[in-house]
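Peer 1: Sequence:
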Amino acid sequence: ARPAPPADWPSRLSVSQPVFPSALHENKLHNIRLACGRIAKLEIAPGAIFSFWAAVGRPGRRQGFREGRNLINGRLQSAVGGGLCQISGLIYHLALLGGLEVLERYPHSLDIYTEETRYTPLGADATVVFGYKDLRLRNPLPQPLRLGFAIADDRVEGWWSGPEPLPVRELEFRRFPAGNKVRVETWQRLPAAAWQQVTESHYRLLPA
Numbered sequence: 097a098r099p100a101p102p103a104d105w106p107s108r109l110s111v112s113q114p115v116f117p118s119a120l121h122e123n124k125l126h127n128i129r130l131a132c133g134r135i136a137k138l139e140i141a142p143g144a145i146f147s148f149w150a151a152v153g154r155p156g157r158r159q160g161f162r163e164g165r166n167l168i169n170g171r172l173q174s175a176v177g178g179g180l181c182q183i184s185g186l187i188y189h190l191a192l193l194g195g196l197e198v199l200e201r202y203p204h205s206l207d208i209y210t211e212e213t214r215y216t217p218l219g220a221d222a223t224v225v226f227g228y229k230d231l232r233l234r235n236p237l238p239q240p241l242r243l244g245f246a247i248a249d250d251r252v253e254g255w256w257s258g259p260e261p262l263p264v265r266e267l268e269f270r271r272f273p274a275g276n277k278v279r280v281e282t283w284q285r286l287p288a289a290a291w292q293q294v295t296e297s298h299y300r301l302l303p304a
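For the sequence shown, my numbering assigns the number 97 to the initial residue and increments by one for each residue that follows.
The hints are simulated quantities; they were obtained by calculation from the structure and are not laboratory data.
Any given hint might turn out to be false.
[What the hints assert, rightly or not] Computed Cβ-Cβ distance ranges for the label pairs, DEER-style:
no. : residue 1 : residue 2 : range
1   : E200      : P259      : 44 to 50 Å
2   : R285      : A175      : 20 to 26 Å
3   : I145      : T213      : 29 to 35 Å
4   : A141      : P263      : 36 to 42 Å
5   : P236      : D104      : 17 to 23 Å
6   : A150      : P217      : 23 to 29 Å
7   : Q293      : R232      : 40 to 46 Å
What you are looking at is a predicted structure, and each value in this text was computed from that prediction instead of being measured.
Each residue gets a CB set at the ideal place from its N, CA and C atoms; glycine is no exception.
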């Protein structure tokens, strides 16, 4: 990925998510804005690979990041750079809609949300840990892509833009509960085409 001019191309594919109030909410918004400012400067050429951490860099205090909420080893804790998983998940959701090739992606180990507090479909998340877990995507389209973002106190929107129309995939996240775990199959298709399974995610559930 290489630096791009700030203006968007005319075609756009977007996803909008709520940002719910939480502990360290302002710090999370700060971290999201900082990361998105770095990612939005990139252009992904045909065949090129996007890496979340190559774009964002180390999420440390010296780099301007603040302490936020993270899910670490199945427990909610605070850590510098916390909250960035919402952005990596948003980009992953956009990748599924846009038909990008997913080279590396990890689901969260634990589903901590109810349907009322869930900001993205179960199966559309992507956890990232610097130096350990990345989100990497390849652009298989015959045109370059740019990522853009709009961030408010209670909502974040992300989008791909391109010089030509962007085909949008339909998505289904099919859940298969089994005791204190759930398996989620992610299925994808272009309009009027056959459904294809893209991936499978496994989560532990909070005790009832």
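Peer 1: Each hint: holds or not?
Peer 2: Evaluated hints:
no.	hint	in the structure
1	E200 / P259: 44 to 50 Å	27 Å, violated
2	R285 / A175: 20 to 26 Å	38 Å, violated
3	I145 / T213: 29 to 35 Å	33 Å, holds
4	A141 / P263: 36 to 42 Å	18 Å, violated
5	P236 / D104: 17 to 23 Å	21 Å, holds
6	A150 / P217: 23 to 29 Å	26 Å, holds
7	Q293 / R232: 40 to 46 Å	20 Å, violated
Of the hints listed earlier, those the structure fails to meet are numbers 1, 2, 4, 7, in rising order.
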